[in-house]
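**Q** Okay, here's what each chain looks like letter by letter:
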Amino acid sequence: MSGQVATLFRAYMRAARKFPDANVKDFLMRRGREEFRKHVGETDKAKLAKIVAEGEKSIAMIERTSVVYGMYAPSHKSVLVK
Amino acid sequence: MALRSLAGSIAKSVVQTMGVSGPSALGAGRLRLGQAALFGLRGYADAALTKDEVTARVLEVVKNMEKVDPAKVNEESCDFTKDLGLDSLDTVEVVMAFEEEFQLEIPDDEADKIASCQQAIEYIAQHPMAK
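Residue numbers (the UniProt record's numbering), protein chains in the order written: chain A, 1 to 82; chain B, 1 to 131.
I should point out that these hints are in silico values taken from the structure, not numbers from a laboratory. Quick caveat, the model's predicted, so the values are computed rather than measured. Be careful, since some hints might not be right.
[Stated by the list, open to error] Per the computed footprint, the stretches of chain A lying under chain B, defined by three or more beta-carbons under 8 angstroms from a beta-carbon of chain B, are:
1. 29-40
2. 74-82
[What the hints assert, rightly or not] No more than 27 angstroms apart at the CA atoms, straight line, and that leaves these computed lysine-lysine pairs for DSS-like:
3. B:72 <-> A:25
4. A:45 <-> B:131
5. A:77 <-> B:131
6. B:63 <-> A:18
7. A:18 <-> B:82
8. B:131 <-> A:38
9. A:18 <-> B:72
10. B:51 <-> B:131
11. A:38 <-> B:51
12. A:25 <-> A:45
13. A:38 <-> A:18
14. B:63 <-> A:38
15. A:25 <-> B:67
16. B:113 <-> A:82
17. B:67 <-> A:18
18. A:38 <-> B:113
19. B:131 <-> A:25
20. A:57 <-> A:47
21. A:38 <-> A:50
22. A:82 <-> B:63
23. A:82 <-> B:131
24. B:82 <-> B:72
The beta-carbon is built from N, C-alpha and C at its ideal position, and this holds for glycine as well.
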């Protein structure tokens with residue numbers, strides 16, 4: 001079901017979009033796009049389950065790392081952010 | 001410590017906007033009736049987006065997407081899958097680009113329904129929080 005991959009992709013991008021550091025955010029979004037692109041039309045249930053599990057682990061990792069980066073965020077805004 | 005200085009700067013700005021000088025205003029702790037009424041009043045006339053503005057911005061966003069051929073984008077035939085040849089992930093990306101452009105948070109079930117520019121324009125135009 002490509003709908004499942006799309007939903008996971010949306011959740012991943014939402015988490016990555018909120019990342020405090022501009023460079024890491026850029027990397028996460030780019031990497032997410034590349035990785036998910038590989039599995040777009042997947043129909044095999046076992047593989048789908050694996051992709052979903054990996055994706056959810058990545059999302060949890062992004063959320064934890066956002067918190068840690070936020071704790072030691074620099075006091076000024078990065079020039080990369082509008 | 002930081003909170004107190006923040007509170008101090010907020011208090012200072014409130015005093016400045018009220019046009020009253022000195023600590024007497026804060027000490028009294030009470031706003032005059034006219035000023036209190038003004039605090040709650042806001043003009044909403046210019047806050048709503050017109051449908052033309054929404055259309056123009058939506059088409060701009062779609063044209064700027066990497067996978068989209070800008071020549072194919074026009075208001076009438078703008079179905080993401082059929083006209084622009086985007087797959088499900090690209091559709092998700094387009095909807096997220098709309099979210100960023102209009103500073104919205106579109107819930108998943110609503111986002112799944114958006115499959116063409118026209119649907120996006122209609123959704124955004126009726127959304128009260130679109131900027």
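**Q** For the pair we were handed, residue 38 (chain A) and residue 18 (chain A), check the Cα-Cα distance against 27 angstroms.
**A** 24 angstroms, holds
**Q** Are the Cα atoms of residue 82 (chain B) and residue 72 (chain B) separated by 27 angstroms or less?
**A** 11 angstroms, holds
**Q** Given the hinted pair residue 82 (chain A) and residue 63 (chain B), is their Cα-Cα distance within 27 angstroms?
**A** 21 angstroms, holds
**Q** Check whether the Cα positions of residue 38 (chain A) and residue 113 (chain B) lie no farther apart than 27 angstroms.
**A** Given pair residue 38 (chain A), residue 113 (chain B) holds - Cα atoms ~24 angstroms apart, limit 27 angstroms.
**Q** Taken at face value, is the distance from the CA of residue 18 (chain A) to the CA of residue 67 (chain B) at most 27 angstroms?
**A** 24 angstroms, holds
**Q** With the threshold set at 27 angstroms, check whether the alpha-carbon distance from residue 18 (chain A) to residue 72 (chain B) stays at or below it.
**A** 32 angstroms, violated
**Q** How about the region 74-82 of chain A: do at least three of its residues have a C-beta closer than 8 angstroms to a C-beta of chain B?
**A** violated (count 0)
**Q** Run the distance test for residue 51 (chain B) versus residue 131 (chain B): straight-line Cα separation, threshold 27 angstroms.
**A** Given that 27 angstroms is the threshold and the Cα spacing comes to 12 angstroms, the pair holds.
**Q** Is the Cα-Cα distance between residue 82 (chain A) and residue 131 (chain B) 27 angstroms or less?
**A** Given that 27 angstroms is the threshold and the Cα spacing comes to 17 angstroms, the pair holds.
**Q** Next pair to validate is residue 38 (chain A) with residue 51 (chain B); report whether the Cα-Cα distance is within 27 angstroms.
**A** Since the Cα atoms of residue 38 (chain A) and residue 51 (chain B) sit roughly 37 angstroms apart, the hinted pair is violated (cutoff 27 angstroms).
**Q** Decide if the proposed pair is consistent with the structure: residue 18 (chain A) and residue 82 (chain B), CA atoms, cutoff 27 angstroms inclusive.
**A** 32 angstroms, violated
**Q** Mind checking the alpha carbons of residue 38 (chain A) and residue 50 (chain A) for me, to see if they're no more than 27 angstroms apart?
**A** 14 angstroms, holds
Going down the numbered hints, you'll see the structure goes against 2, 3, 4, 7, 8, 9, 11, 12, 16, while the others check out.
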